[in-house]
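A.B. asks: In case you want the letters, here they are:
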Amino acid sequence: MPPDAPLHGIRVVDLGWLTAGAASATLLLDLGAEVVKVEGPGALDPFRDWVGADPGTDWWNRSPFFLFTNRGKRSVCLDLKDPRGQAALFRLLEGADVLVENYRRGVLASFGLAPATLRARFPRLVIASISSQGEDGPERDMVSFGSTLEATAGLAAQTGPEGQPLITGRNINYPDQVVCLFAAGAIIAALARRDATGEGTHLDLSQRELTAFLLGETFIAAAAGVPEAPRPAPETAFRDGPALAAAPEFQSGTAILRDPAGQPAKGVPWRFGGHAHVLAAGCAKLGADNRAVLGAAGVPAAELDALEAAGVLATAPRRKPAP
Amino acid sequence: MSAPFAGTRVLDLSAHAAQLPHALAVAMAGRLLADLGATVVRPDAPGDPLRALPPLLPDGASATARFLLRGRVAGDGPFAAAMGDAAALEGTDAPIRLRVSTFGPGEDPPTSEARLMALSGMLAATGGHPLGGHQPSYATGLAGFTALAALLRAGRPEVADVSLFDTCCWLNWKAAASVLLLGSAAGTRDEWHTLPAADGHVALVYMAKDWPALRDLVGDPRLHEPRFATQASRGAHLAELDSVLAPWFAGRTRAEITAAAQARRIPIGPVLSPRELLADRQHRARGFLAPDGMPRLPLLWDGAAAPWSAADAA
Chain A
0 MPPDAPLHGI RVVDLGWLTA GAASATLLLD LGAEVVKVEG PGALDPFRDW VGADPGTDWW
60 NRSPFFLFTN RGKRSVCLDL KDPRGQAALF RLLEGADVLV ENYRRGVLAS FGLAPATLRA
120 RFPRLVIASI SSQGEDGPER DMVSFGSTLE ATAGLAAQTG PEGQPLITGR NINYPDQVVC
180 LFAAGAIIAA LARRDATGEG THLDLSQREL TAFLLGETFI AAAAGVPEAP RPAPETAFRD
240 GPALAAAPEF QSGTAILRDP AGQPAKGVPW RFGGHAHVLA AGCAKLGADN RAVLGAAGVP
300 AAELDALEAA GVLATAPRRK PAP
Chain P
0 MSAPFAGTRV LDLSAHAAQL PHALAVAMAG RLLADLGATV VRPDAPGDPL RALPPLLPDG
60 ASATARFLLR GRVAGDGPFA AAMGDAAALE GTDAPIRLRV STFGPGEDPP TSEARLMALS
120 GMLAATGGHP LGGHQPSYAT GLAGFTALAA LLRAGRPEVA DVSLFDTCCW LNWKAAASVL
180 LLGSAAGTRD EWHTLPAADG HVALVYMAKD WPALRDLVGD PRLHEPRFAT QASRGAHLAE
240 LDSVLAPWFA GRTRAEITAA AQARRIPIGP VLSPRELLAD RQHRARGFLA PDGMPRLPLL
300 WDGAAAPWSA ADAA
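If you read the sequences in order, they're chains A and P. Taking numbering that gives the first Met the number 0, I'd label the letters of the first sequence as residues 0 to 322. Taking numbering that gives the first Met the number 0, I'd label the letters of the second sequence as residues 0 to 313.
Source of the hints: derived by calculation from the structure; they are not laboratory data. Even for Gly, the Cβ is constructed at its ideal location relative to N, Cα and C. Be a bit skeptical, because a hint or two may be false.
What the hints assert, rightly or not - Only part of the chain A face toward chain P is listed, based on derived beta-carbon distances under 8 Å:
#, residue
1, Ala-185
2, Ser-205
3, Thr-217
4, Val-225
5, Pro-229
6, Ala-280
What the hints assert, rightly or not - Okay, the calculated bits of chain P under chain A, using three or more residues with CB under 8 Å as the criterion:
#, segment
7, 9 to 23
8, 76 to 86
9, 169 to 182
10, 266 to 273
To be verified - Below, in silico cross-link-like pairs of lysine-lysine (DSS-like), each with a Cα-Cα straight-line distance of 27 Å or less:
#, chain 1, residue 1, chain 2, residue 2
11, A, Lys-80, P, Lys-208
12, A, Lys-80, A, Lys-284
13, P, Lys-208, A, Lys-319
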């Protein structure tokens with residue numbers, strides 16, 4: 000990343016999974032940050048076996064959607080449930096500016112990494128917690144995927160014919176996509192505030208709230224008793240995936256780019272200075288940067304050897320792929 | 000307590016945009032920056048596309064304008080940043096610029112939100128029905144906000160371009176990525192959809208790992224048949240699956256279905272209307288919607304909304 004990139008020098012530890020967490024960190028990478036993705040040998044990003052993994056291979060390094068989303072990040076595979084793994088994470092966080100996570104609420108706390116604990120220990124760290132419902136409230140623990148939140152946020156009720164609500168479903172999972180566009184900017188805002196105050200923060204991003212925010216005028220109208228407007232007629236002509244992939248304006252656009260090996264990879268929704276973004280690297284193999292990243296964070300080589308021998312630091316998962 | 004963009008002056012040229020999607024995207028970015036402490040100035044213009052935009056409130060004002068334009072102030076330059084479409088930005092001398100376009104720098108053929116969703120393939124997910132609200136424009140506003148925030152923090156003079164079309168394609172990445180990476184189109188029919196309940200609808204959403212729990216929840220012996228055993232075979236027999244599932248859902252309320260599903264950790268949830276959400280217990284607990292329906296920024300800082308604001312601290 001060129002030294003004049005806006006987030007040059009910012010270090011991100013990415014505990015994000017799937018799209019909502021991991022692609023938020025990817026946007027920070029594209030703005031110039033250095034991103035280290037940390038997974039555990041017992042806690043892989045589920046994107047690594049999202050679509051049909053072959054158990055006879057190093058399937059964890061072959062998932063197309065994982066490689067697409069996480070290109071350009073360094074990879075560390077560290078067991079955070081093990082106290083020695085936690086100690087290594089703390090070394091990494093001492094030099095980090097941002098931590099991104101979207102585990103199920105309570106998971107970080109269950110292995111002693113509650114945001115309040117991290118805030119106390121790393122006062123300059125910006126911790127971004129991306130969750131379905133937010134950090135608190137009576138429905139904090141409600142299990143949701145993106146499209147569940149379309150229903151509970153009010154988007155489904157506003158989409159489709161009257162009385163026949165629609166969700167975008169598995170292929171878009173709309174709330175998981177839009178949260179990335181907002182979370183990256185929110186994290187930058189927190190860094191801007193830290194520039195002035197020296198203080199980090201814990202950002203609580205509820206995907207359900209963001210999805211509702213994107214319907215803001217609807218709630219203002221409902222509170223004023225304004226009846227709902229009639230629904231627009233459906234469009235009869237629209238592209239499917241193959242038509243989109245073949246469209247000239249898609250191919251000359253920035254939504255999907257190519258990594259240096261020519262593989263299609265997640266693009267960016269902007270251009271700076273009129274130029275399309277250029278991807279500097281493809282996706283690292285699981286744990287490829289274990290020693291380099293933790294060594295640079297000050298973990299001695301002998302300790303790295305011991306972590307590897309104990310399986311706390313790894314380059315392969317402990318489990319088989321999902322059936 | 001300092002706001003992130005305190006002291007930063009931003010010129011919002013959304014009133015001068017030639018097209019509605021561009022205006023809405025710029026105004027969304029302006030709302031976010033204003034909520035984060037920037038001084039956002041929005042000069043009026045004849046034919047302002049937002050002022051008469053539905054829904055209209057009893058006092059004649061646009062609810063959309065009220066939502067998006069909250070926190071704007073009157074004032075003059077100099078500005079650290081300006082945002083608008085290409086024509087509106089000509090003649091501004093702000094060092095940082097956010098330029099919203101249809102297809103990319105200088106490519107602004109007439110468009111609409113429905114057309115953007117059609118061209119980007121988003122409508123394939125909903126059978127041609129546009130998503131509610133102004134999703135293409137607002138999502139582009141989020142992207143523009145993030146790009147502008149990065150330039151403002153770095154103090155780097157630069158033009159950031161965001162295109163409505165590229166943003167929609169970025170949101171819908173899986174459609175094209177499935178073709179480019181897997182060599183096959185993503186399925187057009189989806190196991191995830193809404194189902195009628197006794198008092199409305201719920202969203203049926205589940206992963207392959209959730210199937211045994213869903214099957215046992217509904218309890219119909221036909222769900223053990225081989226045609227429903229795998230994700231692929233369920234996808235091939237979707238209408239039959241729905242006809243087996245539907246009576247269980249239709250006979251229960253949204254709350255009953257949600258409670259039973261959540262007890263088995265299946266991510267099913269109720270379809271809620273905006274009116275219902277005004278009284279939603281989760282939103283109330285988190286102070287998300289004001290009594291007049293105005294949402295706060297969907298972001299808390301160490302548990303507080305805008306901790307730099309005196310009103311919030313009180």
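A.B. asks: For each hint, tell me whether it holds in the structure or not.
C.D. replies: To see whether the hints hold, each was checked on the structure:
{"no.": "1", "hint": "Ala-185", "in the structure": "holds, 5 Å"}
{"no.": "2", "hint": "Ser-205", "in the structure": "holds, 6 Å"}
{"no.": "3", "hint": "Thr-217", "in the structure": "holds, 5 Å"}
{"no.": "4", "hint": "Val-225", "in the structure": "holds, 5 Å"}
{"no.": "5", "hint": "Pro-229", "in the structure": "violated, 11 Å"}
{"no.": "6", "hint": "Ala-280", "in the structure": "violated, 18 Å"}
{"no.": "7", "hint": "9 to 23", "in the structure": "violated (count 0)"}
{"no.": "8", "hint": "76 to 86", "in the structure": "violated (count 0)"}
{"no.": "9", "hint": "169 to 182", "in the structure": "holds (count 13)"}
{"no.": "10", "hint": "266 to 273", "in the structure": "holds (count 8)"}
{"no.": "11", "hint": "Lys-80(A) to Lys-208(P)", "in the structure": "holds, 24 Å"}
{"no.": "12", "hint": "Lys-80(A) to Lys-284(A)", "in the structure": "holds, 22 Å"}
{"no.": "13", "hint": "Lys-208(P) to Lys-319(A)", "in the structure": "holds, 14 Å"}
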